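Undergrad: Residues per chain, in single letters:
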Amino acid sequence: MAPKLPPHHPVEQSTSTAAGGQAAEHPAPPRGLMRWLLTTNHKEIGSLYLIFSLTMFFIGGIFALVVRAELFQPGLQLVNPEFFNQMTTMHGLIMVFGAIMPAFVGLANWMVPLQIGAPDMALPRLNNFSFWLLPVAFTLLLSTLLMPGGGPDFGWTFYAPLSTTYAPPSTTFFILSMHIAGISSILGAINIIATILNLRAPGMRLMDMPLFVWTWLITAFLLIAVMPVLAGVITMMLLDINFGTSFFNAAGGGDPVLFQHLFWFFGHPEVYIMILPAFGIVSAIIPTFSRKPLFGYASMVYATASIAVLSFLVWAHHMFTVGLPLVAELFFMYTTMLIAVPTGVKVFNWISTMFRGSISFEPPMLFSLAFVVQFTIGGFSGLMLAISPADFQYHDTYFVVAHFHYVLVPGALFAILAGVYYWLPKWTGHYPHLKLSQWHFWLSVIGVNLTFFPMHFSGLAGMPRRIPDYALQFADFNLASSLGAFLFGASQLLFVWLVVKCVRGGEKAPARAWEGAEDLEWSVPSPAPLHTFEHPPTFRPDTPH
Amino acid sequence: MRTFIVWMAGCLVVTLMVPVAMAQGWNMPVGVTDVSREVHSLHMTIFWICVVIGVVVFGVMFYSLFRFRRSRGAESANFHEHTTVEVIWTAIPLLILIGMAVPATATLSKMYDPSDADLDVMITGQQWRWRYEYLGEDVAFTSSLATSREQIRGAEARDENYLLEVDEPLVLPVDRKVRFLLTSDDVIHAWWVPELAVKQDTIPGFVNENWVRINEPGIYRGQCAELCGRDHGFMPVVVHAMEEEEFDAWLVERKEAAAQEAMGVDREWEMDELMERGEGVYGNICASCHQPEGQGSPPAFPALAGNQQLIEDVEWHLDKVINGVSGAAMPAFRNTLNPVEIAAVVTWTRNAWGNDTGELVQPAEVAERLAD
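Residue numbers (our numbering), protein chains in the order written: chain B, 1 to 545; chain W, 546 to 917.
These are computed hints drawn from the structure, not numbers from a lab. Careful: at least some of the hints might be erroneous.
To be verified - Just a few of them, taken from the derived set where beta-carbon distance is under 7 Å, the chain B residues facing chain W:
1) V301
2) A305
3) Q393
4) F457
5) P464
6) Q473
7) A475
8) D476
Note that the structure is predicted; figures quoted are calculated from it, not measured. For glycine and all other residues, C-beta sits at the position ideal for the given N, C-alpha and C.
Only chain B is shown next, with the shape it has when bound in the complex (with noise of 0.2 Å):
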């Protein structure tokens, strides 16, 4: 269960920075763009990688808008299919890896150090180098776009031959700034681990972390194995390309499918990289705004951990229609739906929790009741998708892509929205407004579900993905999505004006900013001080596990 705290603390920790000895040694940081460029503060690297994804955000949104302007009715009107394909492929790149990725290497920035009673991540100055490969990995990749052949057109899944042997002459760029955002990863995911393990207040065991700390350490657990295997394969591609090698090449010994095992061998964990974080935040909210505590603290752990192990196990899922034999097609069809079970325990919990609570609907509620709802929705097509026969006829059409954003979107991104009301009064010291808020909150669940409810109708319909033109059977369905997305698009541009607006001002939150939350960033003062925690603060359960 969530750690909680012995009463004294919050007086103890509002005092000024002055008060710990350690203070007065902080050289005065550096003014202006250096102060940004050389900050090894986790709360200041924090604020980086959050307005560095929702910039990505807004740019892959650009993107996505680009793509569904075009299937606003059949034919083509506004892109050749050329740069169509260019914008599906920096869609998906640059908000897997530029916007849903940064958003929680951002809030574990500032919400690991803080939930666990740190003064800082474990690696300050490795913080900092991970940060800002970041903007030279995804401007690099936003320059293809100017290349002569244009940028990447080969979806973000990259498929090799087309990725290599047919691939437009940008695509070495493509790799080196995929390498650049994987070294990014890696290191962001050693100092993660390096914090928890070692940075606890006194006194807090594994098993008294908040569930957010939890998924981090499983989360960043899987990127270490798994980044690596995304830079060897890129590397496969870049000797393909560029030495005369033949690993995707069946005319020099090669297997094209090799490049699909390997890729999805990263590509699965991946998935769920986005999404454990994406838990933890909504099993610290749920809590917090029911006025109970998590039920079962302990499964929630297992049930990650046992999500993370098995999403080793599941990768050829994806690969169904490439002729797998018939063996391997039922061992990942079998694994797949195992998943379902810890899936299903984690929302069970959720529901638990409410259950003879005292919830109130605040907006980071609001966001994370939304979560539940609608990435449950999003299990359920990913339980359809798991029965191999029936993924035959879904595979690469419009029902995959209703399954993957209804995870990714109204799932990861909700959670992320719900994480970002949810500690924006503790960063800023005030609260987002109620109103705007609400606007906010409704514009966009409205958005997401008329973009992407329709499409597992087109999916089914017979509407394969990433075409630039369909026929007019779809042309219903592809107007109800582009609609959606044009409205989900234009509400974020409330988000932006709604987090400036906080930043600036409005209702003063004290340090417990909601009611019945209950970890320990809720003990020091709102805002929250540059320097937190500089002498660690005694933790005591209050109940043993």
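Using the hints provided, position chain W relative to the given structure of chain B.
TA: Just chain W now, with coordinates in the frame of chain B:
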């Protein structure tokens, strides 16, 4: 309270959309084979299981949200674990999954048995068309999009089968087991016809197997399902399923036509004949990359109009068409086009768009090269 009503209404609308949608036929087609029926029934079973679980889970959730609202003065309890309940809700989903895995396994084993086929068809994916070869029957042809560019641009009204129309459909008999052997000449494609519940990737350098036994005559349409480059969206599949006698007659007719064509190799062809034939072949095969006016789209697809190397060196030109360009997108056409077609298209490209070399290549010359 207001929030709650809006929530419930929203969820109700989404739930109601599903049966309405299915009544509209917005669902996976039942299809025209025994396998496709089984697949459809698996799809519906797992779908209704999800609906029932969803109703129960969301029901409890919304009941809790309504009943235990703070605004109604709810006081929170303090329980936070219950081993029995946790074991039960781990076990029940496990049992449901086992129940689902059993029929899925049976169907899958059936789909994986292409033995005892009456007819073998080789399906080859090419950027961006399909090639069908009736093995052992000497009948082979390519099948490309027949929808006009004017319709795609919106200059003409769009047909009912917009983007799902080909020049030559794959013709298959009903009530016979047809085995497909699938491969690709360039990138990975996926051959998919929803009504047949067959979707199989075609992988360059490897051969996949699948099979179908169609129960009802008719025309069934599908598309390439794996991103394969620029015209991935313009690569439809059309299957024309015929009664057995009708199919046999069609096959005999196609065999005779093929024999006729083969005889054409030995005779001397006129410029006009070759140019006419070549224009057709170019439009079908080459124009998707090198563009209708031969301007190409560099750097991936070089221009042919005004290409000095092409104009000056007929040997080089023939070699590229017959053997392809290793490490680039240009495929080898030695097995895809016959000598007449190769001679015609080479003649056409050497004389169209101001290339005006005046040279013509005879099918016999090409046949000789192919024999090497």
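Undergrad: Now, for every hint given, state plainly whether the structure supports it.
TA: Structure-based check of all given hints:
1. V301: The hint is violated - B/V301 has no Cβ within 7 Å of chain W, the shortest such distance being about 12 Å.
2. A305: violated, 14 Å
3. Q393: holds, 5 Å
4. F457: Hint on B/F457: holds, closest Cβ of chain W at ~4 Å, below 7 Å.
5. P464: holds, 5 Å
6. Q473: Violated, about 9 Å.
7. A475: violated, 10 Å
8. D476: violated, 9 Å
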